[in-house]
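This is what each chain is made of:
Protein chains: 2
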Amino acid sequence: MSRLENSAEHSWHVAVMAMLLAEHAEPAIQVDRVVKMLLLHDIVEIDADDTFLYDETASLDKADKEEAAAARIFGLLPPTQRDEFTALWREYENRDTADGRFAYACDRLLPMLQNLANQGQSWREHGVRFEQVLRKNLPIQEASPSLWQYVLPKLEAARDAGWLA
Amino acid sequence: MSRLENSAEHSWHVAVMAMLLAEHAEPAIQVDRVVKMLLLHDIVEIDADDTFLYDETASLDKADKEEAAAARIFGLLPPTQRDEFTALWREYENRDTADGRFAYACDRLLPMLQNLANQGQSWREHGVRFEQVLRKNLPIQEASPSLWQYVLPKLEAARDAGWLA
Ligand SMILES: [Ca+2]
Numbered sequence: 001m002s003r004l005e006n007s008a009e010h011s012w013h014v015a016v017m018a019m020l021l022a023e024h025a026e027p028a029i030q031v032d033r034v035v036k037m038l039l040l041h042d043i044v045e046i047d048a049d050d051t052f053l054y055d056e057t058a059s060l061d062k063a064d065k066e067e068a069a070a071a072r073i074f075g076l077l078p079p080t081q082r083d084e085f086t087a088l089w090r091e092y093e094n095r096d097t098a099d100g101r102f103a104y105a106c107d108r109l110l111p112m113l114q115n116l117a118n119q120g121q122s123w124r125e126h127g128v129r130f131e132q133v134l135r136k137n138l139p140i141q142e143a144s145p146s147l148w149q150y151v152l153p154k155l156e157a158a159r160d161a162g163w164l165a
Numbered sequence: 001m002s003r004l005e006n007s008a009e010h011s012w013h014v015a016v017m018a019m020l021l022a023e024h025a026e027p028a029i030q031v032d033r034v035v036k037m038l039l040l041h042d043i044v045e046i047d048a049d050d051t052f053l054y055d056e057t058a059s060l061d062k063a064d065k066e067e068a069a070a071a072r073i074f075g076l077l078p079p080t081q082r083d084e085f086t087a088l089w090r091e092y093e094n095r096d097t098a099d100g101r102f103a104y105a106c107d108r109l110l111p112m113l114q115n116l117a118n119q120g121q122s123w124r125e126h127g128v129r130f131e132q133v134l135r136k137n138l139p140i141q142e143a144s145p146s147l148w149q150y151v152l153p154k155l156e157a158a159r160d161a162g163w164l165a
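In order, the protein sequences belong to chains H and S. Quick note on my numbering: the first sequence kicks off at 1 and runs consecutively. Quick note on my numbering: the second sequence kicks off at 1 and runs consecutively.
Hints were generated in silico from the structure; no laboratory data involved. These numbers come from a predicted model, not from an experiment. Check the hints yourself; a few may be wrong.
[As the list claims (entries may be wrong)] Among the chain H residues that face chain S by a calculated CB cut under 7 Å, a handful are: (1) A8; (2) E9; (3) S11; (4) W12; (5) A15; (6) V16; (7) D32; (8) L39.
Built from N, CA and C at the ideal position, the CB exists for glycine as well.
Work out the full structure: start from the sequences and follow the hints.
Here's what the structure looks like:
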């Protein structure tokens with residue numbers, strides 16, 4: 001049984017994967033922007049969890065906590081960088097550009113490939129169903145039909161092998 | 001006592017640091033190329049250690065082992081990517097461009113800042129001397145005089161505090 005990647009490991013891994021798979025994006029993307037988004041994307045979530053879990057913002061929803069965390073973290077930087085990083089983070093979160101959608105697709109694709117590589121370990125642990133995986137990973141299809149065509153038969157094989165309920 | 005970062009964590013950390021410090025490079029650099037170099041730079045070294053430690057290439061020197069490892073790893077990729085990644089890796093190793101020098105400087109700067117942040121833990125464990133740190137980190141000065149001006153007084157304070165021999 002393999003341990004889960006921590007956030008820094010995951011961020012490195014998914015950024016390298018984006019470099020490798022960039023040519024499969026459709027429409028085409030700017031890989032350098034995607035890499036930056038992926039290097040930054042988990043920082044805000046961690047800060048939102050760490051900083052706001054039990055304090056006065058506990059009643060805020062996840063999106064509001066993450067907005068507050070982004071303002072806090074990126075606010076530590078000089079204004080030019082603050083604005084650049086905030087915009088990259090928001091583009092990733094909103095997925096309203098091809099770059100943001102492809103970055104998000106990579107972030108979905110990596111754990112799927114990790115599951116496929118270890119007999120569906122976390123799928124089996126959590127009783128995940130095939131239809132859930134299809135639905136949750138629709139963003140991959142939207143950002144790269146060819147990558148989706150690559151993984152779909154593997155997901156079907158995983159279902160047939162009983163790794164997915 | 002803090003554990004050492006593993007290679008994926010280090011690569012993520014130093015790539016983000018390069019994004020943050022890029023404006024201090026002198027001459028100016030292309031941060032996107034530097035980030036890619038830093039995301040890739042440790043892969044070859046790991047492979048060289050893992051693959052070639054005890055086998056028939058044991059007599060090769062470090063540089064030859066790393067060349068063989070680079071050919072093996074990047075050779076797994078389609079030719080265009082193989083050539084791009086090999087060139088980025090070589091530029092980092094050779095430090096014959098501003099981008100390569102700045103990437104290398106970031107890779108030197110990060111452990112120094114980590115030492116400064118934890119009372120010189122690994123300096124003290126290994127009895128490292130102030131002059132060694134100055135010499136080993138000359139690449140920082142070459143890639144960014146202003147970053148060097150920032151860290152030098154901190155190194156002097158570390159010496160005065162006895163963290164460096
Ligand atoms: Ca390194």
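Chain S contact restraint for A15 of chain H - C-beta distance below 7 Å = It holds, given that the least Cβ distance between A15 of chain H and chain S is near 6 Å, below 7 Å.
key: When the least beta-carbon distance from S11 of chain H to chain S is tested against 7 Å, hint result   = holds (5 Å)
key: Closest C-beta approach of D32 of chain H to chain S relative to 7 Å, hint status   = holds (4 Å)
key: Given hint V16 of chain H near chain S, where the shortest CB pair must fall under 7 Å   = holds (5 Å)
inquiry  = Holds or violated: the hint that L39 of chain H contacts chain S, with Cβ atoms closer than 7 Å.
reply    = Hint on L39 of chain H: holds, closest Cβ of chain S at ~5 Å, below 7 Å.
message = Hint W12 of chain H vs chain S: min CB-CB distance below 7 Å?
response = At 4 Å from the nearest chain S Cβ, W12 of chain H passes the 7 Å test, so the hint holds.
A8 of chain H as chain S interface residue, shortest Cβ-Cβ below 7 Å = At 4 Å from the nearest chain S Cβ, A8 of chain H passes the 7 Å test, so the hint holds.
key: Cut-off 7 Å, beta-carbon criterion: hint that E9 of chain H touches chain S   = Cβ of E9 of chain H sits 4 Å from chain S, so the hint holds.
The structure fails none of the hints (numbered hints given earlier).
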